[in-house]
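The listed protein sequences correspond, in order, to chains A and B. Take the first sequence: its letter number 161 is residue 162 in the numbering used here, and every next letter is one higher. Take the second sequence: its letter number 62 is residue 101 in the numbering used here, and every next letter is one higher.
Quick caveat, the hints were computed from the structure, so don't treat them as lab data. Check the hints yourself; a few may be wrong.
Claimed, not checked - Straight-line alpha carbon distances no greater than 27 Å define the calculated DSS-like cross-link-like pairs of lysine-lysine that follow:
1. A:Lys213 to A:Lys79
2. A:Lys159 to B:Lys174
3. A:Lys243 to B:Lys174
4. B:Lys221 to B:Lys207
5. A:Lys159 to A:Lys243
6. B:Lys174 to A:Lys79
7. B:Lys207 to B:Lys219
8. B:Lys207 to B:Lys174
9. A:Lys159 to A:Lys213
Quantities reported herein were computed from a predicted structural model and do not represent experimental measurements.
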Amino acid sequence: MNGVSTIAARELRAYFATPLAYVFIVIFLALMGVFTFYIGGFYEAEQADLSAFFNFHPWLYLFLVPAISMRLWAEERKSGSIELLMTLPVTTGQAVIGKYLAAWAFTGVALALTFPIWLTVNYLGDPDNGVILAAYIGSLLMAGGFLAIGSCISAANKNQVVAFIITVVICFLFLLAGFPLVLDFFGGWAPQALVDTIASLSFRTHFESISKGIIDLRDVVYFAMVIAAWLYATVVVIELKKAD
Amino acid sequence: MIRAESLTRQYGPLTAVDNISFTVQPGEVLGFLGPNGAGKTTTMRMLAGFVAPTSGRAEICGFSVEDQPLEAKRRLGYLPEGAPSYGEMTPRQFLGFIARVRGLEGERRRSRLDDVIGRLHLDGVMDQRIETLSKGFRRRVGLAQAIIHDPPVLILDEPTDGLDPNQKHEVRELINTMAKDKIIVISTHILEEVNAVCTRAIIIASGRIVADETPDELVRRSRYHNAVTLRFEAATALKAASASLRALPGVDHIEADEAGRSITAFPKDGTVIITAVADLAAAEHWALEQLHLESGRMDEVFRSITEQEAVR
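Isolated chain A (complex conformation) (with noise of 0.2 Å):
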């Protein structure tokens, strides 16, 4: 555990190390805004809850989460320091554990300094609390497993670029799949238990039953497994690709 906690320490504050930590937060907060102000209409819709903030985070997170973990591996790769990482006493399960638990921890970081909303919402109206705080948690669940995602892109791409690229597409699959554009072509023909089990494997379903206040436990277990299995399969990559 040790190695895992002084990996992501080090990871954690190799952000901060450079322009990246606040060039990220500043443009994920300003988006932030955007989309909830002008986009979600949040003070048109005259409600006294966070719904048009919530509901473009999936959409934010497309963009943005990959630009945090396309670095975490291809870096290393292109450096060379992942040859140091690797020779010293740690394996490879908590090398890549600490490195996701700091970029976990870092979009962390950005989500919770999106509090104002949150201040600006209580002293406008009298909002329910517990569903927000809901959706903060499924929202960081979400951020999760998009970045399990790309932690795994990262560790198979040098170029940062590619595995960006890559990271997008792959979370707009994960996206897309709950989206009633993906349902409805599945739904005229296909068996309802397809369209569900489809339905199922999409972050924003579970992301949005989270939001609306109930923490269920097959929505966390879902992200759970979707953030295992992805770090799973970084594992996996990096002891076949590392030396390459």
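Following the hints, complete the assembly by docking chain B onto the known chain A.
Then chain B, alone, in the frame of chain A:
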């Protein structure tokens, strides 16, 4: 002890390392020599557990690198080729990170950090980002991380690459002071380094071991071993001297260099001819600027061994 047993690594159709076996005992400093692309780095990576061998096995202090990687890695200090590190960190942060991952705590961490900072003269750059440091300092930071946990086994891939002559000298001193009780493997293509620090040299060509000897033995393979070179004051004396040198018993053949005003006499089968040559020079009253015994030329041995291998 380091043990390599039939280490082989293939990259697709290319065999980078072909059935290499050797053991290294404490107190030995093993130099890996070989042309670029001969398989030095791949071999070291297999010893360090970064590259898995296609077949064969490596052992560090009795622990299999593949089956007990953590135990093996704990006992190993490794400087990868090019001394990679995290450029956005300062040496202080970086070495602190390595020390922590290596499980050094509290007082022990502080004393080990002070020790390596002192040994590698890093005091002045501890708070600069590594990416802004010169190549020489980056290499020294890499060496510092390799020795921070005072490991019994050190594997250093080109430890003096990119250093200036003074820094090279310092790193060799460092290796020499650590050599007594450690097992050290270095790779280099600077041949003088082998004489300066190694007790044993392995030459690799095309992934195979083509020589495994002490540096002295290697040098003895040179055709220059025990040859005698004479430099004359005037080139006119060369012709007469050539004839009498050639007639000297024990001399196999001579090579004259008109422009350099010098003659080199090569002995038959490495016999010692220096006294005979010196006596002859005295008897014939040659006007000499220089007369010296050649011990052998490492670069020539290296070339002849590795080129033979390439032809094969």
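**OP:** Compare the distance between the alpha carbons of lysine 243 of chain A and lysine 174 of chain B with 27 Å, and conclude whether the hinted pair is satisfied.
**Re:** Holds - the C-alpha atoms of lysine 174 of chain B and lysine 243 of chain A are around 25 Å apart, at most 27 Å.
Subject >> Straight-line alpha-carbon gap lysine 159 of chain A to lysine 243 of chain A, limit 27 Å >> reply: holds, 10 Å
Original post:
Is the Cα-Cα distance between lysine 159 of chain A and lysine 174 of chain B 27 Å or less?
Top reply: holds, 24 Å
**OP:** Mind checking the alpha carbons of lysine 174 of chain B and lysine 79 of chain A for me, to see if they're no more than 27 Å apart?
**Re:** holds, 18 Å
Original post:
Holds or violated: lysine 213 of chain A with lysine 79 of chain A, Cα cutoff 27 Å?
Top reply: Distance of about 43 Å is beyond 27 Å: violated.
Subject >> Straight-line alpha-carbon gap lysine 221 of chain B to lysine 207 of chain B, limit 27 Å >> reply: holds, 20 Å
Original post:
Given the proposed pairing of lysine 207 of chain B with lysine 174 of chain B, does the C-alpha separation stay at or below 27 Å?
Top reply: Satisfied, since the Cα-Cα distance of roughly 12 Å is no more than 27 Å.
Subject >> Restraint check for lysine 159 of chain A with lysine 213 of chain A, where alpha carbons must lie at most 27 Å apart >> reply: The given pair, whose Cα atoms are some 40 Å apart, is violated under the 27 Å limit.
Original post:
Is the Cα-Cα distance between lysine 207 of chain B and lysine 219 of chain B 27 Å or less?
Top reply: Since the Cα atoms of lysine 207 of chain B and lysine 219 of chain B sit roughly 20 Å apart, the hinted pair holds (cutoff 27 Å).
The structure is inconsistent with the numbered hints 1, 9, although it conforms to all the rest.
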